[in-house]
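Protein chains in written order, with this note's numbering: chain A, 1 to 794; chain B, 1 to 396; chain C, 1 to 238.
Check the hints yourself; a few may be wrong.
Unchecked claim - Straight-line distance between alpha carbons at most 20 Å, and here's what the computed DMTMM-like set of lysine to aspartate or glutamate pairs gives:
| # | chain 1 | residue 1 | chain 2 | residue 2 |
| --- | --- | --- | --- | --- |
| 1 | A | Lys636 | A | Asp624 |
| 2 | B | Lys354 | B | Asp388 |
| 3 | A | Lys636 | A | Asp234 |
| 4 | A | Lys636 | B | Asp77 |
| 5 | A | Lys557 | A | Glu746 |
| 6 | B | Lys226 | B | Asp77 |
| 7 | A | Lys636 | B | Glu288 |
| 8 | B | Lys212 | B | Asp310 |
| 9 | B | Lys354 | A | Asp624 |
| 10 | A | Lys636 | A | Asp240 |
| 11 | B | Lys281 | A | Asp624 |
| 12 | A | Lys636 | A | Glu171 |
Because the hints were derived from the structure by calculation, they are not lab data.
Owing to the predicted nature of the structure, the values given are computational and were not obtained by experimental measurement.
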Amino acid sequence: MVRPPFRLRALTRKLLRDVWEMKSQALAIAVVVAAGVTMFVTYLSNFDSLVRTLSQYYERQQFADVFAGATRAPAPLAARIGAIPGVVTVDTRVVADVTLDVTGLDEPANARLISLPAAGAPALNRVLLRRGAWPDPSRPDDVVASEVFCEAHGFGPGDRVAAVLNGRRRELTIVGVGISPEYVYSIRPGDLFPDNRRFGVFWMQRAALAAAFDMEGGFNDVSLQLAAGASSDDVVARLDRLLEPYGGRGAYTRALQVSAWTLENELTQLRMFGLVTPAIFLSVAAFILHIALTRALALQRGQIAALKALGYGNGALAWHYVQWALVIAAAGALAGIAGGAWLGARMAELYNVFFRFPMLDYRVSTGVALWSLAGSLSVAAAGALAAVRRAVSVPPADAMRPDAPARYRLSLVERLGVARRLPQAARMVLRTLERQPVRALLSMLGIAAAGAVLVIGLSFIDVMDVLIDEQFVQAMRQDVTVTFVGPRSADAVQAAARLPGVIAVEPQRIVPVRLRAGAHHRTLAITGLMPDASLQRVVARSGAVVTLPPAGLVLSKVLGEVLGVAAGGTVRVEVLEGARPVFDVPVAALVDDSMGVQAYMARDALHALLHEGRTVSSTALMVDPAAIDRLSLTLKALPAVAGVAVREATLRNFRQTMAEHMNLIIAFNVGFAAIIAFGVVYNAARVSLSERSRELASLRVLGFTRDEIGRILLGELAVLTVLSLPVGAVLGYGLGRFIMTIFNNEVYRLPFAITAQSIAWSWLTVVSAAALSSVAVRRRLDGLDLVAVLKSRE
Amino acid sequence: MTRLRLSRPLLAGLAACGALVAVALWPRAVAVDMTTVTRGPLTVTIDEDGDTRVHHRFVVSAPLAGRVERITLDPGDSIAQGAQVARLHAEPAQFLDARSRAEAAAAAEAARGLVGRARAEEQRARAALDLATADLARETALDASGLTTRQALDARRSAVVTAREAVNAAGFAAAAAAADLERTRARLLPTSLDGGGRVVTVTAPVTGVVLKRFLDSEGVVPAGAKLVELGDPSHVEIVADLLSSDAVRVRPGMRVGLTEWGGDRAMGGVVERVEPGAFTKVSALGVEEQRVNVIIDVDDDRAAWSAMGDGFRVEVAITIWHADDVLTVPNGALFRAGADWAVFVVTDGRARRKVLTLGHRTPLAAEVAAGLDAGARVIVHPPDTLADGDRVTARP
Amino acid sequence: MSTSSAPVFVARDLTKVYTMGDVQVHALRGVDFDLSAGEFVVLLGPSGSGKSTLLNILGGLDVPTSGSVIYRDHDLTAAGEAALTEYRRDHVGFVFQFYNLIPSLTARENVALVTEIAASPMTPEEALGLVELGDRLDHFPAQLSGGEQQRVAIARAIAKRPEVLLCDEPTGALDITTGVVVLDALTHVNRTLGTATVVITHNAAIAGLADRVIRLADGRVVSIAHNARKVEARSLSW
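Here chain A stands alone, though its shape is the one from the complex (with noise of 0.2 Å):
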């Protein structure tokens, strides 16, 4: 070893080559503390990153508190809505959804128009410019369109679209190209999943957009920006009554903006990641560390008796010891920080595609370095501690006497008689197994952490064609949903049946409602389907089909759960539409579906509540799909069709985008088992072999094969990775499906699921990682020094 250059103490430079000396166990320590930490920095500095941007994103482009959507308010009410307390900026609007022309797409795409003040910027959500130029007043055509939409059909600034705005068609040119932070997850309302193809907003002058939808001289739509330590719940109430008269549809906080709300949760998710994956690796980590410095210390036994001898303390000797936990896991720390601000900056790439920021400033703050490198210390101290303790409080006396044999029973298979044809070999194993049951249930236990990380992250396959099954083959039939502009009557169905290519059609009536139960409320939608609908259908994450009642609610259960009934409770309904009547409907029955909150009722029960004909707001059709061009080319250019959702679309859509992200995290998830379960048998293997080298070798000059002592040395762990295969599966499961419920919100639920297939490749894979550590703990194994090892005194 090269002298370095300064002068280090002479139990330093032990330390250093004491390790270097256990390079290949402590490679597989520090790899697994990498792999923590990588984890950790990924998710934490992307969590760091996301909340700093967002918030000052949100800051800068002065984000509104509160929102609120009307029918058609007077442009004075927005003075008296300034006089709420607790109001600092009111910004009104004129927004409107219209649909689409776009040249490249066969069905009509969906956008949302927002106002844009006649001078100057909003007072309250800001869009920023990215390209282009602001409308021009003499234009009325002109629009400002969200950056999404235009990369996704390469539209640039001088690009023209047309749109039905009320009735009638236009031709809107895109002047500039920009970003909002109300939009910075953009999805067309009534979607599970983001289609920048199919959904656009676009900002466009206020006087042209009133024009076009008699807005003139009022708005519809109101932002607030509050005071510090006003009441939101108070402002939203005042605003509800305010709006009232003129249509209100119930005003939300921030909190329940859609693009808000749906970065929050994507932030929990980081922040939960990044603690719970990485406590798993750090904890194995921790555990090999115990077990490889255990074996170590007790090699050390004569040299430690030696220093004692020498003077030096337990305290000095302790800290001496635990200084090659903290080296080990300090390497690993470093390599994970690198890591994982590398791996992190992928991911940032990856969340540009969903969420659309002004820019991502993403850096590993020191925080989140000091922490994983603090976090890797402390763990592998602790890991170390315990051992260290024990191998320093040896009085020197006892350690520098020769080790007794170690105590050796009949294994418990062979006191109940059923050893009696195993060969010597196995019997070997299982009394070694037995002798030390503490350790190898812990290493079996190392082993099934890295089964069950393989079967968390496979499952997230499975898990997607479970939820794909249910939404897209068993709940969602239909070929084409057509939703119209308002609700038509009953004429609208027959009509629909007659559009080219239909086959089939079941109607639906769609009425915005907000639900009231005590002091819980939720706005949403209820929506009316046949009771023997055949195409769109309600089902449960089970798999059960429910039949609507004839009369009465059907809720989700995390509705019910989050207004407090059950079924044959009571809901308070207030009608946002129409006449906007009140009623008090019994909840028939809850369901456990798997996305968002739905309200269902059978649709005669709900015309019959709103005394109503046989209204309809959209048609489910069953289509031939070698006439759904022409079909969409048809409802392109029908004013009464507000939107259009082809199933097929919908799920390429789906599959593309999960693709992308499944197979970066499975890639991952597997590399990371595999270095679990590479670590956890190599590090097992070498301890054996080092606490048996004396009477292995022994047992090859009484003239024992290679082969034979191999089956000796490896057989004992071999025992113990099928022992984990299956705990791995089970504690798989488990904590799987407990990460499922945490997860559980009111956006999704989705069920665990795992399937055989996932298993068997969880098993392959860590059976693979330890043949691997095997093989190569198998070739020390020849190197063995007969002699050597004989004339040692241990």
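Given chain A, put chains B and C in place with the hints provided.
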């Protein structure tokens, strides 16, 4: 012997790994919904909305202008043929009151004056013509002697023409004035020979029920004004307008199912007539369509139908094709394979794609003309990832 | 360099019982022991006679089950772990049968281990020079012969200038030629530094080096003999 014993654990291990690989790669049976293809009836209908219409309707209108007394009949009242519907007081001739008379007389006088003037004008014009003619004769004579210019001669000639025209015009004017005079005189004549004050009883032309009443209160109406509409509600027919392309497939005599009329059960009807002419109508979705009226007779239990009035909405399902025993497959099982329709048939736990030839089709099912046998299990709404040969299992 | 006959060790009635596996071993059964400054004592006895146990107790590496040990005016039996450590660091040098060098440190570094914590040590080079290993300073134990390793151990033991040097079978693992060299080093150190030296051996021939020879058997002192004339290490043979 030792050799064999050695490799056993290794072999066992390899075998176990092989089993794992097999499990991992073994294609999973996909859970699907299945149903059995059976024979049964299939009915293809054309579904439309229709309105009821009382078949024989009679609009009773006022035979002449006059004052109609308040009609006491209410919609729903029965009335026998010949019974009184309304009483009409025929208005006397428009006898002129004093002022009108004086005006009329004065107008007549004026007209007479005009006639006189016109006649005088005519006389003057004639005299002018005579003069112009004489001038022309004289000028001609002078011309013969070469004592005048050509110009002067032409001037005299055109003066004659002008004068002749003036005479004509004056003649017309005189005729017009004379006609005018006649007109003003006519106003002074009584309008009818009858005189006034006659009461006319308007009677019901048929036995029936009053469907509509057009005039609620007493009032003066012109001749031909609608008073009431009568009809026999027991003869209610249904009018449904169909797309012209659908109407082509409808023939009189086809059975019709009538639903959503508010009663307990569906009623039966039969197509009576398909009108020959089409008209343009804009659909609920804004599409322009050519539509044809189809008249449907109700031939079911009249008693159950008795509550149906005129103009009530009914949903109509015209059976254009029916078969009692055909092989049908639910629409959810069908998908396109190229230009053909196909299904997944489940044999021995695997999904096999079979191309079918389809016959008639309803919104729920389609007739299988060829490609499938009764009793075959087909997959309903197959997942898009299902391929020919995949293992499938029935969803619980 | 003290030549006073002030007692370095006064040990009375030492007994030691320890457990090894499932077996209870009575190593010492009431032993008295004295050592004067600068004295060279050899403890003779067959294996299992309790020699190593006595040495460990004297060196503060072990605690007697009963009895007392006084080093100068320190009562070792009443001393706690920290005090014993300090005692070992400052006053005692050990040489073991199997050298117990730190294999990952060079000869110089092995000695440095001691010099870095001692109060007034020699330099490693000096110590190694005393045992004539000045040219093998940077060799690892694996690169040294048995005798050389033992000499490094001796250098390590004396580098702190201890008052007492305790050697447990220093030549047990060495052949006669190397053993002689090692013994020579020990006697040389004893003479030049005046370190009280206790050497354990089962080899009676070595007894000629000592001032006193104490025989132990079965945990008890059997005889104490004085050597009128000490022999030279190099003249030994066994």
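Results of checking the hints against the structure:
For the suggested pair lysine 636 of chain A and aspartate 624 of chain A, the alpha carbons sit about 18 Å apart, so the restraint of at most 20 Å is met. At most 20 Å may separate the alpha-carbon atoms for a hinted pair to count; lysine 354 of chain B and aspartate 388 of chain B meet this at roughly 9 Å. For the hint linking lysine 636 of chain A to aspartate 234 of chain A, the alpha-carbon distance of about 43 Å lies beyond 20 Å, and the restraint is violated. This hinted pair does not check out: lysine 636 of chain A and aspartate 77 of chain B have alpha carbons roughly 52 Å apart, beyond 20 Å.
The suggested pairing of lysine 557 of chain A with glutamate 746 of chain A holds, with an alpha-carbon distance near 10 Å, which does not exceed 20 Å. Between lysine 226 of chain B and aspartate 77 of chain B, the direct Cα distance comes to roughly 17 Å. Compliance with the 20 Å bound is thereby established for this hinted pair. For the suggested pair lysine 636 of chain A and glutamate 288 of chain B, the alpha carbons sit about 15 Å apart, so the restraint of at most 20 Å is met. Taking the CA atoms of lysine 212 of chain B and aspartate 310 of chain B, the gap is about 10 Å. The hint holds against a cut of 20 Å.
Our distance criterion of 20 Å between C-alpha atoms is met by lysine 354 of chain B and aspartate 624 of chain A, whose separation comes to about 17 Å. A distance of roughly 36 Å separates the Cα atoms of lysine 636 of chain A and aspartate 240 of chain A; the hinted pair therefore is violated under the 20 Å criterion. Distance restraint check for lysine 281 of chain B and aspartate 624 of chain A: the Cα-Cα separation of roughly 26 Å exceeds the 20 Å cut-off, and the hinted pair is therefore not satisfied. Straight-line distance between C-alpha atoms of lysine 636 of chain A and glutamate 171 of chain A comes to about 14 Å, which keeps the hinted pair within the 20 Å bound.
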